[in-house]
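Peer 1: Residue-level listing of the chains:
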Amino acid sequence: MVFSSLIFIFVFLPLVLLVYYISPREMRNLVFFIASLIFYAWGEPVYILIMLFSTVFDYLNGLLIDKYRENSHITKLVLINSIVINLGILCFFKYYGFIVNNINSLFDINIKVIKLPLPLGISFYTFQTLSYTIDVYLDKVKPQKNIISFGTYVTMFPQLVAGPIVRYSDVAWEIDNRIESSKLFGEGAELFIIGLSKKVVLANNIGILWNTIKAIPTSELSILSTWLGIIAFTFQIYFDFSGYSDMAIGLGKMFGFKLMKNFDYPYISKSVTEFWRRWHISLGSWFREYVYIPLGGNREGRTKQYRNLFIVWFLTGLWHGANWNFILWGLYYCIFLIIEKTFLQKWLKDKPIFISHIYTLLVIIVGWVLFEFEDISKGLIFIKIMFGFGSNPLYDSRTIYYLYTNAILLALLGICSTPFVGKAIKKLKGRFKIGEYVVIPIILAVLLFICTAYLVDESYNPFLYFRF
Amino acid sequence: MNKTNNSHKNIIGSILLIYIGLIMLFNIIISDKDFSDMENRRLEQLPKFSFENIFKGQFISNFEKYISDQFPFRDFFIGVKSYCERISGKKENNGVFLGEDGYLMEKFNKPHDKDFKNRIDVINSFAENTANINKYFILVPNSVKILEDKLPYSAPVDDEYFYMNKVKNGLDKNIKFVDVYDIFWDKKDEYIYYKTDHHWTTKGAFYAYEKLAKSMGFYPHEEDYFNIENVADNFYGSLYSKGGFRNIDSDDIKLYIPKKSENYTVKYYEENNTSDSLYNMDNLNKKDKYTVFLNGNHPLLKINTNIHNGKKLLIIKDSYANSLVPFLTGHFNEIYMIDLRYFEEDLSKFIKNNDIDDILILYNVKSFFEDDSIKKISW
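Just so you know, the sequences run in chain order A and B.
Position one of the first sequence corresponds to residue 1 (UniProt numbering), numbered consecutively onward.
Position one of the second sequence corresponds to residue 1 (UniProt numbering), numbered consecutively onward.
Mixed in with the good hints, there may be bad ones.
[As the list claims (entries may be wrong)] Each computed DSSO-like pair below joins lysine-lysine, with the alpha-carbon atoms no more than 30 angstroms apart: (1) B:K187 to B:K176; (2) B:K176 to A:K214; (3) A:K270 to A:K214; (4) A:K115 to B:K176.
Hints are computed from structural coordinates only; laboratory data are not their basis.
These figures come from a predicted structure and were not determined experimentally.
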């Protein structure tokens, strides 16, 4: 199930809220756990077994480590076992085809690829269970003795599908001691509506533009159309992903959880380094915590630091998808991060601020081309056209049409990519009571109403063969 | 201060809950609908709950469809979305442009070279097979070309005129290409296309009739030969449904009824019934009012007229022909209409057995290039 669907908002959510809030406190984790399983099983009935296995497996690992705390051989063994099994599951379902294809082309052999659909959210929950076992091993958190509580953590439906990746240590206390409140619920509702609007109104609509431009043969593209297209994608992926994260965090709050922020206006960054502190924050900090720092981070000299960065960004790229273009995309960022560390950040410091912004946005936008084209050669052709290395015209009538029919949407996307709206709302709240009690609730109600209209329209499916 | 903050949050929380609650309430109160006229399809009904259904995954997907299809005030919400799109400056939805003066026009996408050649080849091979019969071909441009001035500024559509000419030049000389493009271009300020439907109006068909008569060598009746009756003024056609735009003027449907009464028998083969009228007036109460002409499309029908000149015409056609044929009944004794999309018999036998004198192939540009049934024409 996805949040941005009628069935979630108007059937699943109200039923779960109802059952959850009429249940006594000690039953709530169970209700939440079962709700999460239904949420997951909806459309993925078989793969729920993998998730349940993951849950039980790491629950036991936590207990084992705790029991044999004195015996470092055993605890180490349990830890390694957990890492191998968790990553094994992830690799099997996500990377099996990719690995086999590469082996095939490398050795010119022909091993059959079994195409398995990717289990929903597997990249997210394996990272969560993994972080739990590691943290228990490092004695950073106490192991969870209650399987329902642990299940609640792993399967937590608000962040199950697309994050944020919650570390056990962040919610350990809340799982058993959280206090729901109407204030928290209201905050959650606000975030949910905002996230829903980002996804349904903004991301989906600008996505149409990108899909249109992407479908045009490269020989018929103009230079400005390629820019327009990839900028549309730049907006689409941000509003889609951050909208989803907002909804997740909002839903969490409705049930008393405070999940970490996952996006912080990434497109206003003044450097690539800053961008990665603002984009998919929970993933970045996971890799820092569980890969970069254990490898030695920056404490063992330049060479080792570069090696560590290389590994982290190779894996970050790979995490996004089982394809070389994602790895290339990760390493592309690695290069810019290293360049920034060595000299660029210093150099940019005393230059006008807009230069930093332009530089950063350019890197990001070109990066999305690498990210979006699974066929690397196609992506490179697209980049070539963008920078005028082709016989494509600067613009054509299509460019003009796409530009003016999307102008309002693009302007809206641009504004919403900056903290401007948030700041304006804060000001409004601070200065006038009416803003707080009337204007903002009305805006949110209207947004909710419009989102409903867009979601209902998704089912508008005229039978097109009208017997011409 | 802290307290005021809380009550503001409470308002927002309550809004969400009340909104969802109300929708659920309406969902229960309002009874389910069977059919959507706008979409021309059956709406999903509450699926039967059984464990078998659940395991097959059918229940889940059907239940989701059911929730969206039966959503309270569904049509209203779809209208709201359409308004939002319009406010945001969008000019196109689902392949339909919102043009000036409320004209909806469907996008034309050029055919692939190979496909183009294929279509010409089958027609030419048909021409060889029927060498002794007079053949005429009308390719009707769509509103998206003739009314291109009304399209949104610099809208991305391919040029129908270019491909019409390519067809004209590629056809066997044995087929007379009746070019209606120029006359349509001249008359583009008249009401020759519906605003909300993909067809030509009866007036458009009349101009094609005049052109065809010249080509076939008979004198067409003039406009004052007919009583022009306005039989519907609230016609919202296929493009209205497809594009989903709201707040648009409806179309009129006019019938050209000869002042001198003519008698016909229309025989519908598949349905196995006959009628003494070219029009099915009941259809004017339905959504798709264009089906007033000859009751829509049929694999095969025959019209006998009281013009006893012995001339037999076969029309191989799409639905544009339905509003043209009423003009031709004054000039032929027998008219057969074959719609290749539904016609499953042997075309060669049919032509041989029925002593056809003239064959008219009539398609609009879009359906000629987009519908593959034309390939059934050669044998």
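Peer 1: Run every hint past the structure and note whether it holds.
Peer 2: Each hint, compared with the structure:
1. B:K187 to B:K176: Roughly 23 angstroms separates the two Cα atoms, so the pair holds.
2. B:K176 to A:K214: 41 angstroms, violated
3. A:K270 to A:K214: 29 angstroms, holds
4. A:K115 to B:K176: 55 angstroms, violated
When each numbered hint is compared with the structure, violations occur for hints 2 and 4.
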